[in-house]
Amino acid sequence: MTLFEVEQLSLHYLTRFGEKIHAVTDVSFTMKKGEILGIAGESGCGKSTLVNGLMGLFIPPLYPTDGIVKVAGESLMNRTPEDIRKNVLSRKVSMIPQGAFNALNPTRKIKDIAADVIAAHMKDIDRKAIHTRLRERFDLFGMNTEKVLNSYPIQLTAGERQRSVIGISTLLNPRMVIADEPTSALDVSTQKIVIKMIFNLLEKEIFSTMIFITHELPLLRHVADTIAIMYAGEFVELGTAEQIIFDPRHPYTKALMGAMLSAEAGQKQKKPTAIEGAPPNLAKPITGCRFAERCPVAKPQCHHTKQNMRIIADRQVRCEYAQ
Amino acid sequence: MLKQYPSLRYILQRGVWYLLTFAVAVIINFFLPRLGSHNPVDIIMGKFSAGMSSEAARAKEEAYLKEFGLVKVRNGEILRDAAGKPLKTSNTEQFVNYIKMCFKGDLGTSFQKYPKKVLQVIIEAIPWTIALQLPTILLGWITGNVLGALAAYRRGAFDRVLFPAALFISALPSFVFGMLLLYYFSVVMNWFPAMGGYADAIVPSLSFEFIQSAAYHYLLPFLSIFCILAGGQAIGMRSMGIYELGTDYIKYAKWLGLKESRIIGWLFRNAMLPQLTGLALSLGTMIGGALITEMIFSYPGLGMAILTTIQNNDYPMIQGCTLLITTSVLLANFTVDILIGFLDPRVKAGLRIGKGN
Amino acid sequence: MLNKNSIFAANNCTREFGTGKKIVRAVDNTTFSIESGEIVSIVGGSGCGKSVLAKMMLGLYKPTDGTLLYNNAPVTNTKIHWREVQAVFQDPFSCFNQFFTIRSQLKDAFGILQEKPSHKEIEKRIDNALLAVNIKPHEISGKYPFELSGGQMQRMLLARIFILRPKVLIADEPTSMVDACVRANILDYLMKLKEELKMTIVFVTHDIGLAYYVSDRLFIMHNGRIVEQGTPDEVTLSPRSEHTVRLLEDIPEIHRAWIC
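Chains as they are written, first to last, in our numbering: chain A, 1 to 323; chain B, 1001 to 1357; chain C, 2001 to 2260.
Chain A with its partners taken away, still in its complex shape (with noise of 0.2 Å):
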């Protein structure tokens, strides 16, 4: 069953001098419920622009330039902030923003923040049943349930935040949840905590369906079923997690591949290496493929040749001499 679909969808902003920057150009996927999407690339690829418009939020000056996005058959577009509000936020599709130090109040405790959530989106539900339902869920996440929800956000550990934070987005049990460098800002042995407490709510049934974004291919590996690569706001390929991981067929997926790190023994000469060069102005149009200047392979008519998505071996890559 689909339960998201993405098609063609472009969203610009409009700068203050009324600039468009077309953040995110012509990405169309679907997904069926109980994937995991993992979405890479570097920053400033328009990762975060493309979260927004897969809730439906456009609050200026982000707009939507084209395209669709539909949650259990229901559209996203056209619709008011208000209604998008109601209906969307937090039950249909939900958010986990990185960096959860700053994504919470800071002079709030955790329970009242997560009190706000339920009240804004559950009517005629009263103090006590609010605080039941939170001790519950909270239960489930491997904390100390009442140290948690009773501190403020600086009393606790970067972990203990990434996973209250994870906590308040999910307690409706959205639909969709799409992470956004839920672990990029934790040292690897609290990441991989909390992996295991997202893994640990997908198996719970609390939420099915996941869109996790990362730089980090690697963990992609071990979280995601089918991985997106962006570059420059559109998808360069989207393939299964294997076909990304280990048999990469565009050429930024092959650079990004070699810029990612390794500590697997005996591995020193295969040293990451950087990518040379810059992304695109977006500002701009672009006629040709928006890598071409920074592709090892580039031929001369790669600058001014529109690339389009096609089949090679079994996933969709966006270069027409990709073999």
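Treat the hints with care, since some could be wrong.
[Said to hold, decoys possible] No farther apart than 20 Å at their CA atoms in a straight line, the calculated lysine to aspartate or glutamate pairs in the EDC-like style are these:
hint : chain 1 : residue 1 : chain 2 : residue 2
1    : A       : 128       : A       : 146
2    : A       : 271       : C       : 2216
3    : B       : 1251      : A       : 112
4    : A       : 111       : B       : 1344
5    : A       : 284       : C       : 2147
6    : C       : 2124      : C       : 2147
7    : B       : 1251      : A       : 181
8    : A       : 33        : A       : 7
9    : A       : 123       : B       : 1260
For the record, the hints were derived by calculation from the structure and aren't laboratory data.
Here the structure is a predicted model, which means the values were calculated and not measured.
Chain A is already provided as a structure; the job is to place chains B and C on it using the hints.
Quick look at chains B and C alone, frame taken from chain A:
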């Protein structure tokens, strides 16, 4: 011993600092008027002794010296040296006396309104000042902050009108704004009285007539303080609000689909914390701060009293007033220090963790 | 084990915070030495004391017990110390003033030097430093910190190091806020500093994988103690401490099961 009670320790720590500040202020307050070459009695005598016989003048002077504690007294009699001259008290003795009197609540005798006690003069003037300032400051602070928060949240036309207006008003010096109000509303339009706290013909009492007259006289001075304060607060709150709006926790609240009213609530609370300091300062300087407004509108409050005492070199009065102002500023700051410590968990957590180094 | 010519030599070096019952031992009885020209990584999870140790090397904290010597002497005057020991931090935006252009702030860096080079020399050194971190000088001319990306700003911090050419660089988690590509870049620059300027580098990180590539030696820290030290291959191939094993296991490797 107090390690287990960081809050109490915090209060005590702060309290000790404020006490120290207060002690220094009291010492400065005592010695400043004495730095001049003349003692106050000389100045008064210079004014009043004209036409008196030298005998009468000397008796008068000795009475003054006794009254102000400048000579040694035993059993009501002035102690004299061999030549019959009164024995002067040293500065230290005067200081000890002054502190003793302060503890008894006796701030001395006014020169100008002799033999009225300083405390009495202050008590007569202070209700007018508090009545003028306290409601004005509280209302101005609340109005300014609500408007500023709304301007930050709504932006658009509301902000485009409010922000320049607030900026303009708050930048006006209070005496200019006061005089403009006075000129337009009482001189040109003749809608409001130009001076005084109530009509001359009425004797202050709790009658309807008096209250009506007082309210009528109240409006212009009220407006002159209120507008400037509200404008300044609105600007501060607006920029704090805009800053808070850009923070991740507000974005997260929107992503979670919290109600708009709740998000504004969060915004207001967090942006208000720094504004509290402004409120405390206004309340603390309230006693002395209305000086100019009271002058312009000839309002019978403490500001006017201070003005006349300064003009007349009435040292006991000046000392009394400065002591009062110092105390109220320190008290207000102390309260806000404690309040912010409890309202902002970040400060509270800082107490527990200690200061890093 | 202590070498007379070590850049840093710590002997039972300890740093405590707080007093009484709430005392916290951030750095606990560490003994180590760092030799001239090597890259040493201090690796550990959050709260292991690695940043405190780095700050002690910078002279920002003094040991409460034991000694920490820089060139055989304790750090007394930080101003002089900073002529030779410089740092890059995690968040480059908080290291630069938002209200001044980046170039003028790079120029200010010369203020710490004893003898200021000539105006022309300063401009030349800034240009060269920018080129060393792959930024063309005209790209940042007249720009303010908020106009650059996190990756570019992190490179500005490194440009400052290329300008000042200190003897020692303390790099405190310089890669934890940047994406994988910029991270690879920063590793390259650290190697360049070591090879071209013979700089001694202390690299503080939570990622043992990252430390593995650049370091000559690794110190693994846990609860304020250095639980293991050795060459990268020694530490990763045959870890002796359980904490090292844990750190290695927690990295999501592509060829190995991670969450069971």
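Hint-by-hint comparison with the structure:
Taking the CA atoms of residue 128 (chain A) and residue 146 (chain A), the gap is near 15 Å; set against the 20 Å cutoff, the hint holds. A hinted pair counts as satisfied when its Cα atoms are at most 20 Å apart, and residue 271 (chain A) with residue 2216 (chain C) qualifies at roughly 15 Å. Using a Cα cut-off of 20 Å, the hinted pair residue 1251 (chain B) and residue 112 (chain A) holds, with the two alpha carbons roughly 17 Å apart. A hinted pair counts as satisfied when its Cα atoms are at most 20 Å apart, and residue 111 (chain A) with residue 1344 (chain B) qualifies at roughly 17 Å.
About 18 Å separates the Cα atoms of residue 284 (chain A) and residue 2147 (chain C), which keeps this hinted pair within 20 Å; it holds. A hinted pair counts as satisfied when its Cα atoms are at most 20 Å apart, and residue 2124 (chain C) with residue 2147 (chain C) does not qualify at roughly 23 Å. Taking the CA atoms of residue 1251 (chain B) and residue 181 (chain A), the gap is about 16 Å. The hint holds against a cut of 20 Å. At most 20 Å may separate the alpha-carbon atoms for a hinted pair to count; residue 33 (chain A) and residue 7 (chain A) meet this at roughly 17 Å.
In summary, the hint linking residue 123 (chain A) to residue 1260 (chain B) is supported, as the alpha carbons are separated by about 16 Å, within the 20 Å threshold.
Hint violations for this structure: number 6 only, all remaining hints satisfied.
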